[in-house]
Each structure stands twice: as structure tokens, then as C-alpha cells.
Amino acid sequence: MGYDVDGIAAAPQPEEWKVVQRPLPLAVRLAANGALRRALILLALAGLWQGYAAWADNPLMFPSFVETVQALWADAVSGVLIAKTGNSLRVLCLGYGIAVGLAALMAGLAMTARLGDDLLSTLTAMLNPLPAIALLPLALLWFGLGTPSILFVMVHAVLWPLALNAHAGFSGVSDILRMAGRNAGLKGLPYIVHILIPAAFPAILTGLKVGWAFAWRTLIAAELVFGVSSRSGGLGWYIFENKNRLETASVFAGLSTVILIGLLVDALLFRTIERHTVRKWGMLR
Amino acid sequence: MEAMPTGTPFGTVDAGRKPPLLHVEGATLQYRTHRHLVTATYRVGFDVFAADRFILLGPSGCGKSTLLKAIAGFVKPVEGGIFLHGRPVDRPGPDRMMVFQEFDQLLPWKTVRDNVAFPMLSSRKFGRREAHERAKRYIDLVNLGKFAASYPHQLSGGMKQRVAIARAMAMEPDILLMDEPFASLDALTRRKMQDELLAIWRQVRCTIVFVTHSIEEAILLGSRILVLSPHPGRVRALWETGRDRGGEASSEEFRALHDAIEEILFGESLMQEGAGI
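Protein chains in written order, with my numbering: chain C, 1 to 285; chain U, 286 to 562.
Some hints could be false.
Unchecked claim - Take a look, some chain C residues computed to stay more than 12 angstroms from chain U by CB distance:
{"no.": "1", "residue": "Arg-22"}
{"no.": "2", "residue": "Thr-122"}
{"no.": "3", "residue": "Pro-131"}
{"no.": "4", "residue": "Arg-217"}
{"no.": "5", "residue": "Leu-255"}
{"no.": "6", "residue": "Val-278"}
Claimed, not checked - Pairs of lysine to any residue, SDA-like flavour, derived with a Cα cap of 20 angstroms:
{"no.": "7", "chain 1": "C", "residue 1": "Lys-187", "chain 2": "U", "residue 2": "Leu-406"}
{"no.": "8", "chain 1": "U", "residue 1": "Lys-395", "chain 2": "C", "residue 2": "Lys-243"}
{"no.": "9", "chain 1": "U", "residue 1": "Lys-395", "chain 2": "C", "residue 2": "Leu-205"}
{"no.": "10", "chain 1": "U", "residue 1": "Lys-395", "chain 2": "C", "residue 2": "Arg-178"}
{"no.": "11", "chain 1": "C", "residue 1": "Lys-243", "chain 2": "C", "residue 2": "Asn-58"}
{"no.": "12", "chain 1": "U", "residue 1": "Lys-361", "chain 2": "U", "residue 2": "Gly-378"}
{"no.": "13", "chain 1": "U", "residue 1": "Lys-395", "chain 2": "U", "residue 2": "His-438"}
Note that these hints are calculated values from the structure, not bench results. Nothing here was measured: the structure is a model prediction, and the numbers come from that model. Every residue gets a Cβ at the ideal spot worked out from N, C-alpha and C, and that includes glycine.
Build out the structure end to end from the sequences listed, making use of the hints.
This is how it looks when you write it as C-alpha cells:
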């Protein structure tokens, strides 16, 4: 190959290198594709589900994958599922928005005064471990049946983790960046907007993600308890209703929708924000 | 206090100069750690004139960085005062731009171009168009034209320091404050950056106050060198070397100056040991 007959190694000639750059075999390239691998896992799980359901043969307790997809499709087409999901998302956005505003206010307060800092630390330490849904009975007592009660527990679910993360982010901004900002003549609100918030953005984004996950779970859980009386309930109510009617396939369809929306918001919204901010800035790998 | 030696074999004190740009008078600086109140400098005084390359030289603990931060307006003297153009310095401001040792002084969410333009815009000293034109000129001056659209995390340490220098210089501050800007760089890059800084200074003739603990760097870069002793920082000597000696690190004169300064710093530490500290 690259050797002379008399055994002395000769420098390989370019045409003898065989490979400078060659595409890898298709199978290797496909195996390197994470999305494809995950899709395969999902497919395998769906197959297992279908197989078990066929073997158990008890659609009342465990509907098959195909039945669930059919129920999902039927309810989506009839508009029931879409309307309920819309209701849930509307309440979600409202509660999330209120909580983000309050968290910004609290973190801001904690930044300006040491007393505010102590207050926020104490409150978050106290209230963060309290599951939001545990406040629902109290909320019902105070606000009655209706959206205000759901908003109350949702705000509780989002506010503390978000404020905690934002505050940690702000306190973590390095002295050098602070000095660079003040050296550039910034103070007050412009200093917060141009230095502190972008510098703390990785932590704030984490807080927003955690808050979103808590909000979505709490909302569905609250709707389950609640739906009993409200006519235009959301996804939680849809699940509860179908359980009462023994439409188990629709219960599964409702659960799938909860999962799908959770995944979509994470994959589309938060990952897009991440890619265009903290990843681009090299603040997150 | 003993008299401050000011004359040197290599320079002369020009008594009939214009009023100083920066006047530091009997400045005592203190800072608080978690457990202690530390006196960083004790009654330190000096003058910086326009186009000086003024070096604050001393070992760690001599308060040179705290002194620079006080000039920048981040630390208030507990005694004495700091005056810029005769007016007391009481807050940070864009008329004194600071270059830090740390690489993370750049804003990671802004490109090189926007990092350089940022203080010019936020201080409203320059309009948007002028700020961007100046940013481009100074980025070219530090040889980073090709990286104007890069983010800081894509640059090497030396390049980041160049951006920080460009950012500070583009503001056309009254004084450029540099806090060991090359100390975190490898030796080769550091040498190159020192030469580049001198080359840039020859073009723009700005006033620089430069903190370092390296005698070599002080002689290489400085036109006037203030030597400080540690614990707390006090003025030991002021050397007026006066000239631009870029790339002359091996000359006879350089060695002599190096030894003389070393003698002051070394002699001091011997004296302290003798005093039983």
C-alpha cells in the first residue's frame, strides 16, 4: 500500500490516503440523530401499549393506543377538546402573567433594599415547599368557585420559584459587570434593564421554565377538583367528565393533550428563546 | 512620614507644569471584608498630568487596585480627596473609563461592535451614528476588525482585553484607568499587548493610570511610576522615567531602573521583617 517493495516507508501520496473526507454510512448518521432515536423510542412505547391493551382486552380500564388516538381525533374535530384546551390556556396565560409581574416586583424590591431581600428569602423559603394545590380549599373559601381561585393557586405555584431564581440570578451578577455598567454611566432603571436583567437572564429563564411547568400541573389539578361546578371547564374538567362517563379512551386523550402541550411549549417556546439568547451569548452550553 | 524621593537618575521633576488633570491628596482608603475593616492606603497623594502614562506599582496588599477604584468613583476616601480637573470625584462616570483584569468585563450578550459602542450610547456622549463609526475605528485600531460581529465567548483572553481597551478608549475619557489588564494573559500575549498599547498611545496620546505589580511592565509602559509599599499602601517613591521605551526591555538603563525600584520594594519588606511583623 503505502510502502516500497524494499520495505522503506514512503510518504503516502495524496491518492493513497484513501480518505480525506468521506460521508459516514447512512446508519451511523441516523444513529447520531437524537430526534430520530427519541421518535423510535416513542414508536416502541406505542407498540407496547397497543400490544398490552390487546392482550388485556379491557377497553374500560385500559383502552388501546389506536382507540386513544381515535378519541383524540374525534374530540379534536368536534371542537370539544380544542375549546377545553383553549379555556385552560387562557387561564394559564393570565395566571402566569400575573405571577411574572409579581415576581419581577418582588425581585426588584429585594434588589433595592436589604429588608426586601430578607423578606423575599424568608417568604420563598417558607412558601416554596407548600404545594399550590394544598391552598385550593382556602382559595375556594376566599374566592368561591371560579377563575379567581384557580388564578390564586397558580400564582402561588409560579411566583416563588420564579422570584427565587430571578433573585439568585441578580445576586450572581459579577462585580466586574456591575462596575462596567456603572462606569458606562448607567444607574437606576436603565442599569437594571441593560445590565442586571441580561446578565441574570440564564437564571431568569430557568425560573420561567420551572414556573411554567408548575403552572401547567397546578392548573390541570385544580380543574379536576373544580370542574364539578363550572360549565366551561378546561382540560382537567374534560378528563374528569370523561372518567365519570366511563369514556376511558377520552381520559387518555385528555392526558395525552396535557403531555403534548407541555412538550410543545418547552420545545418550541423555551428552546427557541434559549437558542436566540443564552446559547448565542455563550452563557449556557 | 519620610520625605518622598522624586528625583531619579533618568528623569527630572518638571516643577513649572500646568495644573494636574488628576490630583490625589492624602487619600486614605478603607474597605470592609466579612470580618475586618482594612486600610488599603494611608494618606497617599500624587498628581497625574495630561498624556501621562502613570503607573501605580506595588506588591499585593499595597492598595493599588483600591486606589484605582477610588479614582473611578467606586470607593470613597475616608480621608483626603481625589480631584479631576479640580472637582472632587464622588461617583463613577464615563469620563474615567476603566479596563479590568477580568475577562468577563465585556457584556456577553453584545457583539464586539455593540460592546464598544455601548458606553458611548448609554452615556449619551455620542449620537448613534457617531458611536458606531467610532466603535469601528477603535476596533480596527486594536486589530479586531474581522471579529466585530463576534460575541465575547468566541474570543480568546487577549482579544477580550483588546475589546475592553477599545471600548474604554473610544469613549475618549479624560483618564483611562487600567487595573492589571494584562495580568491574566500568557507571557507572549502580554508582551504583544504591551507593545500594542504603547503603539496606540503614540497615536491617541491619552492619559493612562495603569496598575501593575510587575516592575518590568511598569518600566516598559510608564512615563511616571509611583511605587507603593504594602499594609497599608503608602507612597515610597515617584520615578519620572519620562520616555517611551517600548521594546527596550534589555537595555542597560532598563536594568538599572529595574534594580533601583526592586531595591525600594525589597528593602521595604526587609525593614518590615526586621520590625517583627
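Check your understanding: Failing hints, ascending?
Key -> 6 and 8
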